[in-house]
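Participant: Below, each chain spelled out in residue letters.
Number of protein chains: 2
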Amino acid sequence: MKIQSPPGMRDFYPEDMRLQNWLFDAWRRVSLAFGFNEYEGPIFEYLDLFTLKSGEGIVSELFTFQDRGQRNFAIRPEMTPTLARMVAARANALPRPIKWFSIPRMCRAEKPQRGRLREFFQWNIDVLGVEDPLADAEVIAVAVAFFREIGLGLDVVIHLNSRPVVSAALATIGIAPEENERAFELIDRHDRLSPGAFREMWDEVYGDRVSAANLTSFLAETPQETCLEMAQQAGPEGAAAAEQFQVLWQRLADFGVQDSCEFRLQTVRGLAYYTGSVFEAHARQGGLRALMGGGRYDNLTGLLDGPRVPGVGFGMGDAPVVELLRELNKLPRLDCELDVFVIDADSDLFSESLSLVDNLRRHNLRVDFSYKRIGVGKQFKQAAARGARYVIVMGEEFTKRQELTVKNLTTGEQQSIPVEQIRRDPKAALESI
Amino acid sequence: MKIQSPPGMRDFYPEDMRLQNWLFDAWRRVSLAFGFNEYEGPIFEYLDLFTLKSGEGIVSELFTFQDRGQRNFAIRPEMTPTLARMVAARANALPRPIKWFSIPRMCRAEKPQRGRLREFFQWNIDVLGVEDPLADAEVIAVAVAFFREIGLGLDVVIHLNSRPVVSAALATIGIAPEENERAFELIDRHDRLSPGAFREMWDEVYGDRVSAANLTSFLAETPQETCLEMAQQAGPEGAAAAEQFQVLWQRLADFGVQDSCEFRLQTVRGLAYYTGSVFEAHARQGGLRALMGGGRYDNLTGLLDGPRVPGVGFGMGDAPVVELLRELNKLPRLDCELDVFVIDADSDLFSESLSLVDNLRRHNLRVDFSYKRIGVGKQFKQAAARGARYVIVMGEEFTKRQELTVKNLTTGEQQSIPVEQIRRDPKAALESI
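Top to bottom, those sequences are chains A and B. Everything in the first sequence is counted per this note's numbering, starting at 34 for the first residue and increasing by one. Everything in the second sequence is counted per this note's numbering, starting at 34 for the first residue and increasing by one.
Hint data in this document are derived by calculation from the structure and do not stem from the laboratory. You may find that some hints are simply not true.
[Unchecked claim] Subject to a maximum C-alpha distance of 25 Å in a straight line, what follows is the list of computed DMTMM-like cross-link-like pairs (lysine to aspartate or glutamate):
hint	chain 1	residue 1	chain 2	residue 2
1	A	K35	B	E143
2	B	K35	A	D331
3	B	K460	A	D49
4	B	K363	B	D292
5	B	K405	A	E276
6	A	K35	B	D331
7	B	K460	A	E182
8	A	K433	A	E370
9	A	K35	B	D81
10	B	K144	B	E182
11	B	K405	A	D331
The structure displayed is predicted, hence computed values, not measured ones.
Generate coordinates for the entire structure from the input sequences, incorporating the hints supplied.
Facilitator: Put into structure tokens, the structure is as follows:
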């Protein structure tokens, strides 16, 4: 019986896995450089945890199931609910600031179709317990540092906005703050909808106050300073938001990433729980899909009966990043890494050569050899195919003088070295050639 | 609304995650040293993939669900079916030998009770496409190398056996080879059942030929050589099995791990698909739970309509390893790692000090600072709490002479260094103190 892999799920063969690990290593390295600590949660949670945050509408996007005790679970579609649960459970014990990252695996019940993944990995960065826009700036800086780390520093731009600032700006064209949730949802979908579809949806709710066309040009054309002035003049909350945004903007300069950021009034994010800054990463060349999306959420743990803990963070999926690297022809070259391939030129020496393999591995070298007793030439071919840096040949010289031939496959140089010298300090012996 | 983590699932707070990563890093490092390549598969598969290998009985141990297209899926309870599917799909294209490893996350629908995990991680090592017992030996050697790597080299023993050899031995006490599947299942459960329960189950099937008591002493007391002789005299298949076992035993010596292995006739493993060697790792101090279990399976991909591909491999769970380390008081000390904590002694210099933080991070140092503008003494306390190796203070000296105070928190030594020197080559500047 032939069984396929499930639709929308990926198999990672070794060459795919090397790329995946390269990406994970870069996420992890940058997170640690910024002083973030890694955490993880379970692959599934009580279904309630997700509906509590996102409403019953989320259920159709989830893989849900019961155990024999009739408990309802769902495979996690995002990490934020788990983060909120974990922080709420220890809210008073965790030292502040809480600077955490994770690289969770997660699933969404997308309709199976080409290019739609049902399973993906997502880098999550969050700072909790800090109101200061310094945290927002550092979260954005770690994202920019990652793009720089993988060679996309000049290819990616961060679109940055503040929900209270947009709110004040929208008020000047007749949309009251209490109507924002729906407006943000529509504006968030603006770029992905056809102009006609957007017009229809927008005008149905807000057409009596501002037409879709006027809204679109208002969002596109109002410069950063004007927006901040509108906020300053919108009462104490607006003024505070304008002030916060200006601090954020200064901190982005301090962290050396302001050049990668642009104020963009259209960027509002669709989720209800953002309360302050909102931001997305996009390829400068265009493309609708955000590479990263995040913002400030100041009441997430409150949902879980925890104390109020302010937070700011983002999620970045693996697939869009890899896709952009591929489009820009910037995928890394990842050869299979092997330090040494050991060759036996005489099959009577095979036990002896396995013992050498064992010795080299104990020195933390990556070592392999041929499973078949075949000619030296064929073994050299295997060594090259595996991308080995060195070959060590055990043959006549070993029988006669206890010496081994060591060849550097990069330079082509080779040398005879006493076996004892190699056994004692193989790294030094290899590096000498 | 308060929501707990699901029963049997673990949250990994940063201190737990550091231990988890330490374990994964060791698994990965040892796998790569032995020339294995990493792969991964999806978190869930078609339910059929699991029932095909293990029968319908497996379903009650799985978390199963449907998508909206009425497809049946299950979260993976083990990695071998995925491995078989992936290899079968590319059987003719993959270069041999296939030496693969993986560290999958998986779930089993255990009854929720104390100490029973529903979610765990498992190191999988497999060699496919090789009949030679050399592969069995290398698979065992990589497990022993891992135990050595984490300081358990002398605490763990590998119990080793061969199913065709047991088969020949059992034939001498009246149990025919075609009855082995059930006999192996019972023998595998022997150590975990009470003597009475085992006697009852055994005698019901085989009591007319050999009593449970006689079987138990036969299994415990027949030495390795006698068993191999029994196999040699049991016809060509038995003789081949004895020969294979002797080659395996020699290769274990070549790889330097024979001292960690013991022949044990009772070790047969419960699964139906093993066809040759079988082995388990156990703590020498005793304890029923195997730390690792594996063996040779020569017809796994055949189940999936792939060509016959011989294989040998094992799985090792994360929890039993960590539990043993804890019992033996051998858990590693994993401090939070931070290279530098930057302190501003004058809050007017904060922008300047953030720019230094940015500079140090760009040199791949792990750097953090205080989110709050507080006294130098308090910032030093934060640095110590975070386990920083160095502190850099930006204060009066910077304003007057463009110098920074660098303190090595391990030795207590400190020194003033020009900021330009630190910015140019921070690693060298730090190491000089």
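Participant: Each hint should be assessed against the structure and marked as holding or not.
Facilitator: Results for each hint:
1. Restraint check for A/K35 and B/E143: the C-alpha separation of about 29 Å exceeds 25 Å, so the hint is violated.
2. Between B/K35 and A/D331 the CA atoms are separated by roughly 18 Å; this keeps the pair inside 25 Å, and the hint holds.
3. Between B/K460 and A/D49, the direct Cα distance comes to roughly 34 Å. Violation of the 25 Å bound is thereby established for this hinted pair.
4. A C-alpha spacing of about 22 Å is found between B/K363 and B/D292, which places the hinted pair at or below 25 Å, so the restraint holds.
5. The suggested pairing of B/K405 with A/E276 holds, with an alpha-carbon distance near 18 Å, which does not exceed 25 Å.
6. Of the supplied pair hints, the one linking A/K35 and B/D331 holds, its CA atoms being roughly 18 Å apart against a limit of 25 Å.
7. With a C-alpha separation of about 18 Å, the suggested pair B/K460 and A/E182 falls inside the 25 Å cut-off, and the hint holds.
8. Of the pairs offered as hints, the one joining A/K433 and A/E370 is violated, with about 32 Å between alpha carbons and a cut-off of 25 Å exceeded.
9. Among the hinted pairs, A/K35 with B/D81 is consistent with the structure: their alpha-carbon atoms are about 10 Å apart, no more than 25 Å.
10. For the hint pairing B/K144 with B/E182, the CA-to-CA distance comes to about 34 Å; that exceeds 25 Å, so the pair is violated.
11. Among the hinted pairs, B/K405 with A/D331 is consistent with the structure: their alpha-carbon atoms are about 18 Å apart, no more than 25 Å.
Violated hints, listed in ascending order, are 1, 3, 8, 10; each of the other numbered hints is respected by the structure.
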